[in-house]
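**Student:** What follows is each chain in one-letter form.
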Amino acid sequence: MLTTQETNDTCFDSDFAKGDENAGETYYESIRRGGYSRRDFLKFATFMTAFMGLENTAIGRVARALETTPRLPIIWEHFQECTCCSESFIRSDHPIVADIILDKVSLDYTLTLMAASGHQAEAAKHATMEKHWGNYILCVEGSVPLGDNGNYCCIGGRSAIDILKESAAGAKAIIAWGSCATTGCVQAAKPNPTNAVPIHKVITDKTIVNVPGCPPIGEVMAGVIVHLVSMGRLPQLDNAGRPKAFYSKRVHDSCYRRPYFDAGLFAEKFDDENAKKGYCLYKLGCKGPSTYNACGNMRWNGGVSFPIQSGHGCIGCSANDFWDAGSFYTRDQSIQAPGGIEATADTIGKVALGAVAGGIAAHVVAANITKKKELKAMKENGIDIEKELED
Amino acid sequence: MAERIVVDPITRIEGHLRAEVEISDGTIKEAFLSSTMVRGLENIVKGRNPKDVWAFVQRTCGVCTASHAITSIRAVEDALDITIPPNAELVRNLMLGSLYLHDHVVHFYHLHAFDWVDVVNGLSADPVKTSQLAQSISHWPKSSPGYFSDLQRRLKKFVDSGQLGIFANGYWGHPAMKLPPEANLMATAHYLEALEWQKEIVKIHAIFGGKNPHPNFLVGGMACAINMDDASGLNAERLAFVKQLLVQGKEFVEQVYIPDVLAIAGFYKDWAHIGGFHNFMAFGDYPMMGYHNPDRLNTFKMPPGVILNRDLSRVHDLDFTHVDTVAEYVNNSWYDYTGDGNAGRQPWEGETLINYTGPKPPYDYLDVSQKYSFIKTPRWKGQPMEVGPLSRVLMGYALGKPEFKEVVDKALAHLNLPLTALFSTLGRTAARALETQLVADWNLEFYDKLMDNIRDGDTRMANMEKWSPTTWPAEAKGVGMLEAPRGGLSHWIVIKDKKVANYQQVVPSTWNASPRDPKGERSPYESTLLGTPVADPELPLEIIRTIHSFDPCIACAVHLYDESGSIIKEINDISVCL
Numbered sequence: 001m002l003t004t005q006e007t008n009d010t011c012f013d014s015d016f017a018k019g020d021e022n023a024g025e026t027y028y029e030s031i032r033r034g035g036y037s038r039r040d041f042l043k044f045a046t047f048m049t050a051f052m053g054l055e056n057t058a059i060g061r062v063a064r065a066l067e068t069t070p071r072l073p074i075i076w077e078h079f080q081e082c083t084c085c086s087e088s089f090i091r092s093d094h095p096i097v098a099d100i101i102l103d104k105v106s107l108d109y110t111l112t113l114m115a116a117s118g119h120q121a122e123a124a125k126h127a128t129m130e131k132h133w134g135n136y137i138l139c140v141e142g143s144v145p146l147g148d149n150g151n152y153c154c155i156g157g158r159s160a161i162d163i164l165k166e167s168a169a170g171a172k173a174i175i176a177w178g179s180c181a182t183t184g185c186v187q188a189a190k191p192n193p194t195n196a197v198p199i200h201k202v203i204t205d206k207t208i209v210n211v212p213g214c215p216p217i218g219e220v221m222a223g224v225i226v227h228l229v230s231m232g233r234l235p236q237l238d239n240a241g242r243p244k245a246f247y248s249k250r251v252h253d254s255c256y257r258r259p260y261f262d263a264g265l266f267a268e269k270f271d272d273e274n275a276k277k278g279y280c281l282y283k284l285g286c287k288g289p290s291t292y293n294a295c296g297n298m299r300w301n302g303g304v305s306f307p308i309q310s311g312h313g314c315i316g317c318s319a320n321d322f323w324d325a326g327s328f329y330t331r332d333q334s335i336q337a338p339g340g341i342e343a344t345a346d347t348i349g350k351v352a353l354g355a356v357a358g359g360i361a362a363h364v365v366a367a368n369i370t371k372k373k374e375l376k377a378m379k380e381n382g383i384d385i386e387k388e389l390e391d
Numbered sequence: 001m002a003e004r005i006v007v008d009p010i011t012r013i014e015g016h017l018r019a020e021v022e023i024s025d026g027t028i029k030e031a032f033l034s035s036t037m038v039r040g041l042e043n044i045v046k047g048r049n050p051k052d053v054w055a056f057v058q059r060t061c062g063v064c065t066a067s068h069a070i071t072s073i074r075a076v077e078d079a080l081d082i083t084i085p086p087n088a089e090l091v092r093n094l095m096l097g098s099l100y101l102h103d104h105v106v107h108f109y110h111l112h113a114f115d116w117v118d119v120v121n122g123l124s125a126d127p128v129k130t131s132q133l134a135q136s137i138s139h140w141p142k143s144s145p146g147y148f149s150d151l152q153r154r155l156k157k158f159v160d161s162g163q164l165g166i167f168a169n170g171y172w173g174h175p176a177m178k179l180p181p182e183a184n185l186m187a188t189a190h191y192l193e194a195l196e197w198q199k200e201i202v203k204i205h206a207i208f209g210g211k212n213p214h215p216n217f218l219v220g221g222m223a224c225a226i227n228m229d230d231a232s233g234l235n236a237e238r239l240a241f242v243k244q245l246l247v248q249g250k251e252f253v254e255q256v257y258i259p260d261v262l263a264i265a266g267f268y269k270d271w272a273h274i275g276g277f278h279n280f281m282a283f284g285d286y287p288m289m290g291y292h293n294p295d296r297l298n299t300f301k302m303p304p305g306v307i308l309n310r311d312l313s314r315v316h317d318l319d320f321t322h323v324d325t326v327a328e329y330v331n332n333s334w335y336d337y338t339g340d341g342n343a344g345r346q347p348w349e350g351e352t353l354i355n356y357t358g359p360k361p362p363y364d365y366l367d368v369s370q371k372y373s374f375i376k377t378p379r380w381k382g383q384p385m386e387v388g389p390l391s392r393v394l395m396g397y398a399l400g401k402p403e404f405k406e407v408v409d410k411a412l413a414h415l416n417l418p419l420t421a422l423f424s425t426l427g428r429t430a431a432r433a434l435e436t437q438l439v440a441d442w443n444l445e446f447y448d449k450l451m452d453n454i455r456d457g458d459t460r461m462a463n464m465e466k467w468s469p470t471t472w473p474a475e476a477k478g479v480g481m482l483e484a485p486r487g488g489l490s491h492w493i494v495i496k497d498k499k500v501a502n503y504q505q506v507v508p509s510t511w512n513a514s515p516r517d518p519k520g521e522r523s524p525y526e527s528t529l530l531g532t533p534v535a536d537p538e539l540p541l542e543i544i545r546t547i548h549s550f551d552p553c554i555a556c557a558v559h560l561y562d563e564s565g566s567i568i569k570e571i572n573d574i575s576v577c578l
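These protein sequences, in sequence, are chains P and V. For the first sequence, the residue numbers in UniProt numbering are 1 to 391. For the second sequence, the residue numbers in UniProt numbering are 1 to 578.
Keep in mind that the hints were calculated from the coordinates and are not lab data. A quick note: this is a predicted structure, and the numbers were derived from the prediction, not measured. Hints are not guaranteed to be accurate.
[Stated by the list, open to error] Dumping the calculated EDC-like pairs for lysine to aspartate or glutamate here, alpha-carbon to alpha-carbon at most 20 Å:
1. V:243 with V:230
2. V:466 with P:166
3. P:283 with V:465
Go ahead and model the full structure; you've got the sequences and the hints to work with.
**Tutor:** This is how it looks when you write it as structure tokens:
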């Protein structure tokens, strides 16, 4: 016997999503695959129609709806933010967002795009929460201020802390968009006047997919959503909760100017001859050597460019606490490695320099260094190159 | 008996905005607008390197991304007396110009259209008639009956699924929705097309600034070096790409945005009498002879000025940095001033100490007899001002600039409306479209000028003479002004000992959305809602129409800075973070 409970349970570890190419398997397909006939399906639709108190003429409509229903419900919260994450999301080139929101997911609540305001907006969110409790995706843009008991960010008369806890409780999965939600970003920079914190400081009992960047690349955001929809499960995450597909390499590792770095060719000033030749921007403060992001290989806005290609160093916007790591124009920073796990950028920088000199693949080095001997050799090499750079 | 209606969250805006309005006899009698979120950026940039500040304050807003960055850089360059190369000026113009195209189109279709367009009603449209309608107003090629019937089918499937997504609980079937089904279907098609189009125009920011949102800028010029002989620099391929994007952008504006606005406006002429303000201010922008040229009236594409009491016969001098011109008040905002809390502060002398005294959440109503917003109240010579597209267009028109007169007169003739119709919700929305048309043309001028310079051998993009802080004076102050898409934006900086000593942002939505001043005078949002008819108090459609016509940017509007890094308030409870 098929129960409502079962059909609603579009759980991630099931393979519900392997039917129709992108939209995911529908209830109808799921029922057919389970050995039930179309007749059984229509019976179920009739039952649902009666259950919902609709007239018989609505049966066909309900059946059709069920055939097309499994678009994944999404609640997208907005707290202390500048909305750049939403803006980046709609820039996604592949897939384009019009297709995502019409065909792939059901974006049931987002202050930026939804038609309804006020009570109607909140009602739409609560309808989704009730109907899909345990099954919706929560996306969070913005940090949460803990200062003054949460009074620094209220929506509909409720504090962001309160709202986040409620939305998270019924979420199947939680995505933290951008540096605000993953690290606190600019409002958490010193002196952090509102005591802004990333969402993992408030939600401690659930896995959070961290998608840092100010903002993240649009295609990365769309990619994470598409992964959830088409694979039916979370992407592989590193120990900082970031999808490995997009955050396992440093910008430096995939930078097309890397050969200039290796050859010791640097721009000394903006707009100087070396800058015009596209030499490495390390001396002008580029944080590519300590920043994990996909900018170098995916690039931005449909692959058009990325900061270094357009002549400005990486400011490290997907790194922890990058706002407080000194000027964007001085090198030798001490940015904490993302996730706070490995080492300071200094070490990484030197290690990377050593890696080049030692002919060892840099990403291996950056990913996990355990062999002390190698490390020592690489450090020494790195210090040598550092010295050369100082001159 | 007046009924108090709360609209919170107001959606399809940037930031967090709340409206509490009193309605009786089907009309708005009183309105209070409040922003309920604060971050404290001005406090955060204190003590930092002035060359870095643009990146911090750029994060004020990711929608009008670039606006705050350029303004900040102008403030620093003003303080340090840096003149940037003409190419950098043109590139900044191109970035601001392409931002206008992006921001205004996205505002109209994605933030404002659902106030006027009934998506669900479009399901009953006749695709053939929709095609005829589309072809009667524009040459835009996507206009066949098959195109519209395909879209209709897709929408029908979407609606039938029962999962309405962003369309859930929209104001479909509301009596104030006036478009015929065919116009609704056409506008919905353009909603989706605009969503796809907008990701193209921002590629200009990616080319010059490396990414969008939040492209990179540089004190002294731009970082994107020109090198016609290298794959890394701005070369012929990159520049040709920019040209193509500008042309495509202009096509969409001329063939889709403008015709749609005019077609939709034709059904909503009653809104040409609702939602008007009386004072208008513009700072001017798009410098053609350098940002610091004193003759802004003639060398800026958009002229500066002030219009009082709708009197278009006289444009007042902006006189902006005079010590008595601009002042900010906190009498109704959740901040304190040391000394007289009711006195205004000139921004260079400003201070802000956050002190939230509103109700403890969860709450149903604000106490509007007390302070009620995180937005401060700026005044120009004591007067409230509307800033934004309407102010800019009125300024150009009142000063007799032919380009402005041409687009305005043509649109008014098309709609058969008098000049006074501009002072309205409809006028504000139309002015935004009309200035986009102007900027789309100017962009090509900026581009041609840039190409001329390069052809003539000038490839300078940055002036690095004052890059080193050793060249700076011990103390300096500056102001950066910009016509952001939402209106006049100014950043005020005080530099001491090579560091930021004070920093303040007086932003467009601060002028427009602020609470009332010590004299009890209303700012534009609160003023323009009065007298608006509301068909069903449960459904705030008419309220959000006027609010949206300003294109609110509330994260921008809320700002604080604070003397000597003083503690904002004791943090009483941090247990939630444990």
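**Student:** Confirm or reject each hint.
**Tutor:** Tested hints:
Restraint check: the Cα-Cα separation between residue 243 of chain V and residue 230 of chain V comes to about 19 Å, which is no more than 20 Å; the hinted pair holds. In summary, the hint linking residue 466 of chain V to residue 166 of chain P is not supported, as the alpha carbons are separated by about 52 Å, beyond the 20 Å threshold. With a CA separation close to 18 Å, the supplied pair residue 283 of chain P and residue 465 of chain V stays within the 20 Å bound.
When each numbered hint is compared with the structure, a violation occurs for hint 2 only.
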